[in-house]
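Visitor: Got chain A sorted already, so can you dock chain V onto it with the hints?
Residue numbers (the working numbering), protein chains in the order written: chain A, 1 to 294; chain V, 1 to 259.
Hints listed in this document are in silico derivations from the structure and should not be mistaken for laboratory results. Errors might be hidden in some of the hints.
[As the list claims (entries may be wrong)] Listed below are the simulated DSS-like cross-link pairs for lysine-lysine, each with C-alpha atoms no more than 30 Å apart in a straight line:
#1 V:Lys-54 - A:Lys-152
#2 A:Lys-190 - A:Lys-128
#3 A:Lys-128 - V:Lys-24
#4 V:Lys-24 - A:Lys-127
Quick caveat: nothing in here was measured; it's all calculated off a predicted structure.
Below, each chain spelled out in residue letters.
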Amino acid sequence: MTESITVENLSKRYELGALRQETQLRDQLARLLRTPFGKRAPKEVLWALRDVSFTVEQGEVVGIIGRNGAGKSTLLKILSKITFPTSGRVRARGRVAALLEVGAGFHEELTGRENIFLNGSIMGMKKKEVDAKLEAIVEFSGMQRFIDTPIKRYSSGMRSRLGFAVAAHLEPDVLIVDEVLAVGDAVFQKKCISAMHDLRGGGRTVLFVSHNLAAVENLCSRGMWIAQGRVQLDGPMREVIEAYMGSFASADSASKHSPRQTDGKGPARSASPGSNSDRPMGICRPSRAPARVS
Amino acid sequence: MGQWVSEIWHSREILYFLAWRDVKVRYKQAALGVAWAVLQPLFTMITFAFFFGKLAGIPSDGVPYPLFSYSALVLWTYFSVTLSQVGNSLVANSSLITKIYFPRVLLPAAAAFGGLLDLVVSSVFLIGMLLYYHVTPRWTMLLTPIFVGQTVLLVMGVGMLLAALNVRYRDVKYTIPFLTQIGLFVTPIIYPVTFLPHRFQGWLALNPMTGVIQGFRACLFGGHVDWDVLGSSWIVTLSLLLIGTLHFRSTERVFADIV
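Bound conformation, chain A alone (with noise of 0.2 Å):
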């Protein structure tokens, strides 16, 4: 088996405040006017990651979970060159094809088909190959009636199909995909949870980020769950789960004896499905979850 992500010591920072502080030049220039020589003033800053560091074998599905906040999307960002690190190294084999939102790049006023073609390109596909597949797409996204309609006519649903139809023809060596379970209804759920399925079956490195732990535990081999920007475990993905859901019971039977919060996020929480909580979804018995397909 070959590497096929190798991160090492991977850590981000954020400047928490500092982007809504002075960007512009008159914030900028009056702060120098009052403290010509003096020091900025230390910004709150916010570790995204902490020194993560793991590899991925060739043809693994990787789960990610976490709660939000925990970094899930920030180590993502910076596997698919979207950001970088503050320190640290990633290095990735192949193809990487990133769906951190499903039809990323669509514009408003053109129309399904040619929307197509521009989030292929973008997503690195080549005109030749969106050709051979524009069938394909089609029919996977189920829009063969409104593919000449504008997509401002679309519904965020139809949308979000279309989205996914492009992205599951890309054919990456490595397909990152963070939270697309969210969207879509029950079918279409299934339909995209068979596509990475058959991703699996190609042999290509899949890293899955969702809080529907249902179907992280039906794709996902191994598991990953990361917590205040650090890995907390990394193992068998049913094992992973457990140990988070564990972390969710004790938090539980903790706060019901302490005084109950204001701010209302203490035992308040519903943990309602298909909501994007920061509970996971399913959390009683994942396998019996409508997601699941075998």
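Guide: What follows is chain V alone, placed relative to chain A:
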């Protein structure tokens, strides 16, 4: 740098599709469509011909004033309209920058190339005017694309610099219209260079568009060519292109974090 260039070369189809998108979208739901490419310089020319040519009696180097001003406006309209689009290209496509990786320079480049369609359309009208005014055809007319090319390089140079700055400082958005408005007066569009007192003419040559417009007109109408002005125009253009490229390269890593 070599790696950067080869990556851009491999992504040339993205450049094509982004430019194609800009062109397709530009005149969607506009009843007059691509006619706007002619209407903008045309009405500017009519206004100039009336106020500056007729009322103020500004000379035009022996060329009919409407032709004199329109020929410059073809290039100037491309320059000013496209510069604003190139300068805003990163901010306007922030959803792409934060979601997909591709060479970032393709966004300003696509805006610069997409604007060429308008230039072609307004040039066709210029050819009509040349025929109407019975301008003698000359072989130097074949050299005009050189100056179109120089304008593209200039738009890219200044545009990349502004686009990269715009990611951090949105002041740039307000600076661009202001810059192009002043540029209209410090470029020999309304008047010939010789209209200015001699001591100002040297300053005008620092504006790279002066050489572009002078060279373009000389190719169309013949007459005296000031090689010093053309030379300094190219030096300024290439320097700006270098500065723009270097600044863009040194900041593009953080675009996704701060845009």
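Visitor: If a hint holds in the structure, say so; if it does not, say that too.
Guide: Hints, one by one, checked against the model:
no.: 1; hint: V:Lys-54 - A:Lys-152; in the structure: violated, 48 Å
no.: 2; hint: A:Lys-190 - A:Lys-128; in the structure: holds, 29 Å
no.: 3; hint: A:Lys-128 - V:Lys-24; in the structure: holds, 21 Å
no.: 4; hint: V:Lys-24 - A:Lys-127; in the structure: holds, 17 Å
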